[in-house]
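Chemist: Listed below are the residues making up each chain.
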Amino acid sequence: MKRRMGLVAIAALLAGSAFADPVEGVDLVINGDETLVIRAPAPPAVSDIFDEVYSGWLYRDEATRAMEEDDFDNPGMVFVDQALDTWAAEDGSEGKSCASCHQGIESMAGVRAGMPKMNAAGDDLWSLENFINNCRTNRMGAEAWGWNSPEMLNMTAAISLQSRGLPVAVETDGPAHDWWEKGKEIYYTRYGQLELSCANCHEQNNGRYIRSDHLSQGQLSGFPVYRLKNAGLVSIHNRFKGCIRDTRAETYKEGSPEFRALELYVASRGAGLDVEGVGVRH
Amino acid sequence: MMQRIWPAAAVLISFGCAAAAGPAPDDVAWDGSAVDASLTGTPGDPENGAAVMSSRADGNCVACHVVSSLSADFQGNVGPSLDGVGDRWSEAELRGIVIDAKHTFDGTVMPSFYKTGPYIRPGDAFTGKAADGPLPPLLNASQVEDVVAYLVTLKE
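One line per chain: the protein sequences are R and W, in this order.
Just so we're aligned: the first sequence equals residues 497 to 778 in my numbering.
Just so we're aligned: the second sequence equals residues 569 to 724 in my numbering.
Bound-form chain R, shown alone (with noise of 0.2 Å):
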């Protein structure tokens, strides 16, 4: 037996050095002046697992990551763009626009680098989502966008790129702390038929390959992202009912106080890495 497993462990090593790493010896570095932090020291989250976390970016293929060099090419922007008219248009029974109350779309710089956190009223945990549309239907007398809305994720994109440079900084402790807790719980849960957590996948086993999937550490930092496979914009809430739809589970909702939930442990782990803005993701 013991022999048996020395093997194993070999072949593991020896199939895990040929491919196990992020890409080394790159920097994101977008429209040729402004480099992004993508890989940093492990945050307290994670600092007995990783010696340093990484962006998704750093495990992509060089076509890829070069469209996010470049906001000419980043198929995002153009969302960004729609969501500028979006920000300016009045809506709603009370006839404001974001703008009214807001200014100028700047005015969100480091919004998106401390999401998702507590309400103002201290009893509920928020996504971004939730923020913008609790200004749609309480200040502004508008409907709500749905989750994957192009509206909502076109807004998410556009305020995301505020925080562009600035790095994840989530507030983990007081009120959120049970948040916290409950995200970490179903971060090692092992959900579905193929009885996977996304521990197994992006804390085991970043860096290698699922078929043709390279697996990244599954970070937040370049949401929401451009997906080429999807040829659109997508929520963190979407990415994370794929990768749980993906072991033959019942997922969660969008929205649902368990993604929320989630969303918050995720983005602890990737606590000093920069918001991308629009990442691009195969």
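Please keep in mind that the hints were generated in silico from the structure rather than gathered at the bench.
Just so we're clear, the structure is a prediction, and the values are computed from it rather than from any experiment.
Careful, some of the hints might be misleading.
Unchecked claim - Lysine-lysine pairs mimicking DSSO-like chemistry, simulated, CA-CA at most 27 Å apart:
(1) W/K697 <-> R/K678
(2) W/K697 <-> R/K749
(3) R/K613 <-> R/K725
(4) R/K725 <-> W/K683
(5) W/K670 <-> W/K723
(6) W/K697 <-> R/K680
(7) W/K723 <-> R/K680
(8) W/K697 <-> R/K737
Go by the hints and put chain W onto chain R.
Modeler: Showing chain W alone in chain R's frame:
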């Protein structure tokens, strides 16, 4: 991702065959982490085993393992290469690994292929919706035997 492509039809087929052959997953006779008796009582078909291992719709073993003798593209490396696995393990041990590898490797990420639960939030294949009643095992008894029959041929 890969698994989404496993069609619902494959699940239906395995359900049908599982009823016809061998012990139900809960009645498998374990000897430690090995299973001595064939689940079907007849020798497996290695050629079909190779197909089951390559197919995204069935075992999809190549999602996690390199098997040099299979022509499937994009073989993954979450698990070790299966080359030479017939030298490292006996047939009974290989049967145990395919039926439920958690008996051999505590906590392994390798799925349990001949098991019916309990699962946490089991889904209806890759739809993301709740499973509609008890789930058939990922592979039926004859598919398990076919895979085992192929694995024993993997000698260096």
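Chemist: Against the earlier hints, flag every one the structure doesn't satisfy and list their numbers going up.
Modeler: The structure breaks hints 3, 4, 7; every other hint is satisfied.
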